[in-house]
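Position chains F, R and H relative to chain U; hints supplied.
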Amino acid sequence: MLKIKSISKHFGGVKALNGLDLEVEEGVIYGVIGPNGSGKSTLINVICGIFPPNKGDVIFQGQSLSGKPTHQRSKTGIARTFQNIRLFPSLTVWQNLWVARNSVEDINTESRFYRWFGKSNIVKKEIKEMLEFSNLENRADELASSLAFGEQRRLELARAVATKPRILLLDEPAAGMNKDEIRDLDSRIRNLQLQGITIILIEHVMELVMGVTDRIAVLNFGSKIAEGNPQEIQKNEAVQEAYLGYSEDD
Amino acid sequence: MKHLSKLIGASLLLIALSIPQSVISADRSVKVLGWGAKSGPLKSFGVNSEAALRSAVAEINSAGGVRMGDGSMAPMEVVSYEDSACKKDEAIAILRKTASTTDAIVGMGTTCSGVCQAMFGVLQKKVEDTSDSGVQMPILADTCIRPGLAKISEWAFRNVPNEITMYDELFKWLRTAYPNVKTFTGGSETDQGHSFITYTAIIVQMAVKHGFEWVGPSVPELGPKVKQGMKELQSAAKSQHWLMGDTNYTVQARKIKKQNADMVIVASHPFSACGFMKEMKRQRIKPKLLVGLTSSASQETLNGCMSAAEGIIIPTGFAPLTAEAKKANKIVANAGGFLDLHSAAAWENAFLVKRAVERAAIMGRSDTLQQDRRNFRNALASISSSKGLIGPVTRDGASGEASKPYVYVQVVNGKWKVIHDPSS
Amino acid sequence: MDEFFFEVVEITQSVWDGILFGSTYALIGIGFTLIFGAMGKLNMAYAGAAIAGAYVGLAVSMLFDAPIILVFVASALVSTMMGYLIYQTCFRFIPTHNHLAALMASVGGLFLIDEVIVHATRGSPLNFPAIFEDAYFEMGPFGIRGDLLFVFFIGLVSTVVLLYVLFRTRLGIATRAVAQQDVAAQLCGINVHNTNSITFSIAGLLGGIAGAMTAAAVGVLSPVMILPLTIKGLIVTVIGGLGSIPGAIIAGLFVGGLENLFLYVRGIDERDMYVVALLFIFLVFRPNGLFSKTITRD
Amino acid sequence: MDFYLNLINTIGIHTMLGLSAYLLLQTGQLSLAQAGFFAVGAYTAAILTVIFQWNIIPAVLAAMLLAGFLAFLVGFPALRVKGLMLVVATIAFSEFVRMFFYNLKWRVTRDGEEIGPDGTMGFAEIRYFSDNGWSNLDVTLFLWTFVIIIMVVVWWSDNTRAGAVLRAVGEDELAASSVGINLTIIKVSAMTVGGFIAGLSGGLYAHQVTSLDHHSFTVLLGTFAIAYPILGGLSNVFGTLVAVIFIQGLLVEGLRFIGDWRMILFGLLIVLAMNFKPLGLFDKQTVSMVKRAMRLKT
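Chains as they are written, first to last, in the working numbering: chain U, 1 to 250; chain F, 1 to 424; chain R, 1 to 298; chain H, 1 to 298.
Lysine to aspartate or glutamate pairs mimicking EDC-like chemistry, simulated, CA-CA at most 20 Å apart:
no.: 1; chain 1: U; residue 1: LYS3; chain 2: U; residue 2: GLU227
no.: 2; chain 1: F; residue 1: LYS258; chain 2: R; residue 2: ASP2
no.: 3; chain 1: F; residue 1: LYS126; chain 2: H; residue 2: GLU113
no.: 4; chain 1: F; residue 1: LYS125; chain 2: H; residue 2: GLU114
no.: 5; chain 1: F; residue 1: LYS238; chain 2: F; residue 2: GLU213
Calculated directly from the structure, the hints in this document are not laboratory data.
If we strip away everything but chain U, and leave its shape as in the complex, we get (with noise of 0.2 Å):
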């Protein structure tokens, strides 16, 4: 599904990823663990061709992204969402979700006129299914800014999903959140998979990511320490040492 070949990525002297490789196979959820500073939101923002890596590719579905913008990457089925959230905070949570139709199927099923200067019922039913599914559905039209923290993050997930990606990057999403939270976040997590959609979760509470995840990396140093299912991973001693006076809450 998504393979990570030998990639680095340097900032001046800093190696955020140093020859990294990773395969996420279709279906799976993948955890993506490591101290702060291992170099994972460097990961996702390579991936999504936010930065372009020194060295290395990013293969998706048997090719290569090299060189594509970030746009392009959306549209064969990449999405995610940002640590610090970035919703569009002026539209409303309605338009939010309706921004991000982008997908191939939207633009092969309606005209292009149509796709941006009209409002299909196909577009009304799948934006409607989204708010429930982020229990967003009385906010419709309040505006993204006068979300509380909690929508504001089922929101942008909600936007991300809007995208119909083949495969989703969460970046920290639990960040900040109280235990039931974390709870609904697991089902959603875990609905998401039930739909077909591949997921990479980047993750510091450690009960998400032993609870939900099928297959989990290690990073430190922006280099792969240890991959396993979670049993294994706790077990790994290499992993103890990385994380030797790590918190979890941190």
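Below, chains F, R and H without anything else, positioned relative to chain U:
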């Protein structure tokens, strides 16, 4: 949507209220409405012309006012003097306002050539041409000196010296007065239509005509006829011209220094004329003779660069020579303006209006307004000569052009001094 | 050959004059750059304030026929005040993130200053006392204007002083801190508003000097100078690279020299056309300016 | 009456000019190039009606297309830069255009009279309306059909997905591109449409004033173009209209009777407006306020 239309309606109403409505006074009077630049860099134009117009009107009224069609005397009244900021759109707005909301029989403005060009274009071109929906309002501009403007419309009149003869005479006289001056060169500001066209089409040609030798960049076509080789001159002399807003004149000055001519012509408005003459002074360029553009024959030049302008000779349409010129000068000065070639025209225009009204037998009632305006216009067109402040002004009704008398003034010890009067 | 030599001399001379004159552009550019660096905003009223300062300086010299140096001091002081006022009126109370509103407000400020000047002087050009007007050094074929040298010199001095203030004093460090991270700076107990208004005042000070110098170099002061100066200042700021003071200086001299070169070679009508065309190309192919040391908030 | 019609025409023309910048501002691009497109439109339409004696409608449409095409071409390079860089780049462009027309001489002789653009002397006697006996009312109706069409189209598209996308790009380019929006296409299209509208209004303007020269198309015009939407607020198209009525109707015409204090007040009021309504005179708050008022009435 509804609330919006209401909002707009409300604000339009507000504007309507804030605009003075048509002033129709019960007692009969000859109403005129003037405008000029009272804001922006050219503010002096408006201020001086307003002072001149108003005090001239006061003069007329103290002398009994104007004889109306039925023989009775009525005072002349300046309905208002608007600020057109020397901007096309604003001048047109004022023109239409004057024509449609006031009962002024003539609009008196403005001084800026570019603005007149636009205003005259809005007027009806030919009086009898009913297919032409242009505004039917006589306009009597104080200066708008750019050549050939008044022919744009038969409703347009102005009161300017004929620059061609003015410079023709000037160089003829200079030829005899300064026999040792042989060669000449000069520069102009290219972004001011009047300065540039007058310089290339008239001044230089006339100088050549009277045997001065052009030592600037070589211009094959340059000859003794007006407009001859104008284009060639414009392109050849490009690099010794400047723009009104310029701050750096070093290159132009050096070019002119290298040409080392006996006579240097500085054809631009005071703003840049001063900058350039200062630069000449710095670079020690001391020509035997310095000749300027008529627009610079004003107080502004003295404010800007008295010492650098010392000795510059300029033809102008006004100078306090004659008794009434002196008198007018004093009156206007007391009214807080300067009388110069621009504002003097405004003063004379007031008297011109008096004559035209008396000739046209205006009734001055609101019901006869349109007719009055038409008659007034015809009367104005039929006046072939009028009395100016420094001598008779000959007018050509057909083209609406005038040909004011002119004198040659020079800056001597920081004052304008009349050095020659061709009519005498 | 001789002709060729003559041309070379002339062109060098023109460019050289332009470069000297460019120092006034440079100062204006520095002002824009300072404010942009500090707030990430554009103060359109800046050049207007500078010229206004020069006017007041002139008024001083007229009233008490003060020596030329006092004229400079007066104008510098006045536009320092104006810088502060502009900050208070056009930036202080407008939300930091709202760049458009601040921009518009300062445009309004520009109109206001411009019109007040016109109102006070009837827009008439005024004679401005020149510094060493008679100092014109001729060296063989070349000539150098003493006053321009002086202008150039003042420009350099004030830049050096400015750089010292910015990089050596606590005030300067605070300013730069605010420029780079206002929130953090606030947490460190720096009052953003004070720092900003100080930045504006410093910029104003420079502007006053620049205005007076421009006026002295031209010898005439008139409201028609304001708009061209504003535009030149912007151009210089951008070519120099936003927030880069050395950039602004070099760009100022560069633009000055280039102008005269084009004027000499292609004439007045095309001078500005080429300058702006060059600027456009420059922006497109080197979007960060000469020194892309951009210090802005986003 | 005639006078009010004239005022309404002016308002119409400036509203279109403002709307051409409005679209671009929504995508977060601050462009002063509108003056350039306006000039292109004005000269093109005038040349077509005067020299080639076209009918006015094809003439203004041609002007519109040409300006739009130019905007399209300029868009690609210009939109590589952002913020102040874009401001200056677009200033450079519009100054270039101005210089071009300032040098443009195209005189043809018709029945003994020379007509056409004459460089610095300007382009006089663009008298299509009065030559064809159009009353000022006809002109107003003609002009406002365009204005209303454009306003309706822009207002409508504001509420479509396209409008949402424009705003999205303006608010967060990174987020926009990562939900699959092609920034270049969006920005360039906004620029192009802006060019169309500016060109159209320019074409109409030319025939309204009957005389063009380079003084009409300075940076100030570009500043006004962005001033309208900013002053009016970007929440919807009527903000621009309100701002135009405020500036052209109230400040320029309405206050004329206070003589030379008018322009001083002009700057002052803009400063105040931006301080008290940084999001525009017609921002969301005002809209809801007006709405409430209406609800009470009805």
